[in-house]
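On the provided structure of chain A, position chain B as indicated by the hints.
Listed here are the chains, written in short residue letters.
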Amino acid sequence: MMDPPNLMNGEVLPLAEVASIPIAEFREEIIESVERGARIAAFFGAGRKNDMVQLVCVLASDRHGTFSIISTQVSGHYESLTPVCEQAHLFEREVFEQWQIKPEGHPWLKPIRFQPPRTGKTSGNGPVGVCGVTDFFSMTGEDIHEVAVGPVHAGIIEPGHFRFQCHGEMVYHLEISLGYQHRGVERAMIGGPDKRTIHYAETLAGDTSVAHAVAYSRAIESLAKSRVSARSQVIRGIGQELERLANHVGDMGALAGDIGFLPTMSYCGRIRGDLLNATAEICGNRFGRGLVRPGGVGFDIDSATVGRILKRIEAAEDDAESAIALLWNTPSVLSRFEGTGAIDGETCESIGLVGVAARACGAERDVRKDFSYGIYRLSHIPISTWGTGDVFARAFVRWLEIQQSFAFVKDQLAALPAGGIMEPCGSLAPSHIVVSLVEGWRGEICHVAITDERGRIANWKIVDPSFHNWFGLAMALRNQQISDFPLCNKSFNLSYCGHDL
Amino acid sequence: MKYPAGPAPELPPLFAGKPCVDASKCGGKCSKCVEVCPTGAISVGVAQTGPMLDIGRCIFCRECEKQCPSGAFSFSKEFHMSASKRDDLVTGGGATPIPLSLTRSIPKVFSRSLKLRQVSAGGCNACEADTNVLGTIAWDLGRFGVQFVASPRHADGILVTGPVTENMKSALLKTYEAVASPKIVIAVGACAIAGGPYIGHPEVYNGASGVVPVDLFIPGCPPHPLTILDGILGLLSAIEKSG
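For the protein sequence lines, the chains are A and B, in the order given.
This note's numbering puts the first residue of the first sequence at 1, with every later residue one more than the last.
This note's numbering puts the first residue of the second sequence at 1, with every later residue one more than the last.
Note that these hints are calculated values from the structure, not bench results.
Every residue, glycine too, gets a C-beta built ideally from N, C-alpha and C.
Heads up, none of these hints are tricks.
Distance windows between CB atoms, simulated:
1. Ala304(A) - Arg153(B): 44 to 54 Å
2. Leu173(B) - Gly191(A): 31 to 41 Å
3. Gly94(B) - Glu364(A): 49 to 59 Å
4. Thr134(A) - Gly92(B): 43 to 53 Å
5. Ala304(A) - Ala150(B): 41 to 51 Å
6. Val34(B) - Lys311(A): 33 to 43 Å
7. Val149(B) - Ala418(A): 47 to 57 Å
Bound conformation, chain A alone (with noise of 0.2 Å):
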């Protein structure tokens, strides 16, 4: 086949160009794509015609900065990528629920959600089970027993169930099933973009408002062939490393509270508020909702405000600083921290990870530099990364992250450009596709928007950064005592509600 198209970060390309080919090729394309280190950045149905059903897959290449697209159409099943691919082990089973197309020999096929199955813009009425309620795997044998948690927890946490095989205090297996959390966001997206469709994408992951809300607003704005001014580009910028850094740090906090280091609990729990609060300052909402919106931005940022962002900012990093280096100067903190749920970087590599998780893998992987998009392009972030994949790296990449955010938000503020916020973007290109990669804070969040014969949305697929890690916990814990869970956890703090969608 020819090689199909490479394409930029939010560059379309019109449905008619996106090679189609027979699915044996594009198993073929997908398996060697991967050999060669492109990643499955998203996998998908994107449709029923009749019998066939047509596959989507983005293949990213983090090394070259472009993805390739390709699709084919498959009837019933086809040869699973799984084993000889394991990046496409959830993104099969999604397949497979959404749109009954079985990948024949996936090792462990099972609804990911106990979603009904996907008919266009209603959903099936066929039977989907009770959310939670199948086969996990077991293990037998003398003392082995089963530790099961979720989907209520003990603390106030999104839901889910976590099935645990251990000898004694040794875990063997960690499985975990979602879609608890499960409302319908995709299925609701078609026919739009309507006045609900930004507060789909604000609340894809709540704690990802900004990131998520950029990543479908480069979309539309890809689609609508509208231009986003330089200023617009800026705050955007400052939303996204604040909302990393309200994240990174609250999650230094809940580290240390789990470990019951309560110092820096107590610290960063309040530090995480100022930053949070520096957020509102902007556009009265700590999550940053209403500040990101189609064509720019939806609050400017005057004088006064950039003022009162910088006076929190600097107190909480000076804060943050002292707060987190007590966890690097206490021995019994990195006695806890190292060796702690480790991943090696080929399990790393295999099985997909983004974000953070990479990062502390030692993989240098990040879409602001990888896939580089915004200010981003203009103003550079250098990678942190760390080797170990442990519970220390996760915890220090985070670290190293915090400092690298402070500076640039630091710098933007100091440096806004003149200029409007906003420039209404018209109606969108028919017929044609889009992917639109941001880094949030926990990592790679993909969207892929496909537009009708109308400009309507036809079909739009997101892969939270969790989609891909959720496993990374998983293996995190093999032969790691189930005390230690809590922990690993909390290092990874992967979204429910952005796996469940």
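What follows is chain B alone, placed relative to chain A:
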């Protein structure tokens, strides 16, 4: 934090508190507010003197404020918005806080010590995040005798977030049933009150009250921690007075 004995923590200048409707400004000539509201929170009926806004459905996007040609909508700085009666959240008026009146008699014992089990049921995790904030040192929810506990058997009630998905209905019901009677239910956020941005989706139940009886509604998307704290304290005080 000096609140509630002293002043409340400072809110950002652009904070969107209780939405206000000024019926005298509404010309009644258009229904722009109804058209732009993403969750159907606004109604203009013939029998009404002006538009009515359901704070329980409102996601505080301020679209009505931006789009109304006669400026009939505004968002006040009032953080007190909670109600025990669902109908009390439907307003055609200003920023004056709604007095919290209980819909049923609740045993006075809860007013000094309230242990809650939290059930997250299909939202976006923002309500959970800002409920968690109440556990940090500055807010220190424990000083009011309110605490989140690790088992429904230890709880006096549940605090629900999210629109209640089909996939969480059974877990919510089981948790509710596992809490010993008498018990209370608090719904936090637009989703748990009316479905939030997901209102009308076949995958959700449009809030907790479709599944369990609710004693306190705390509006917001998400509510500010101050609104959540104020709501819980308001309920405790109403319980204290009712006895």
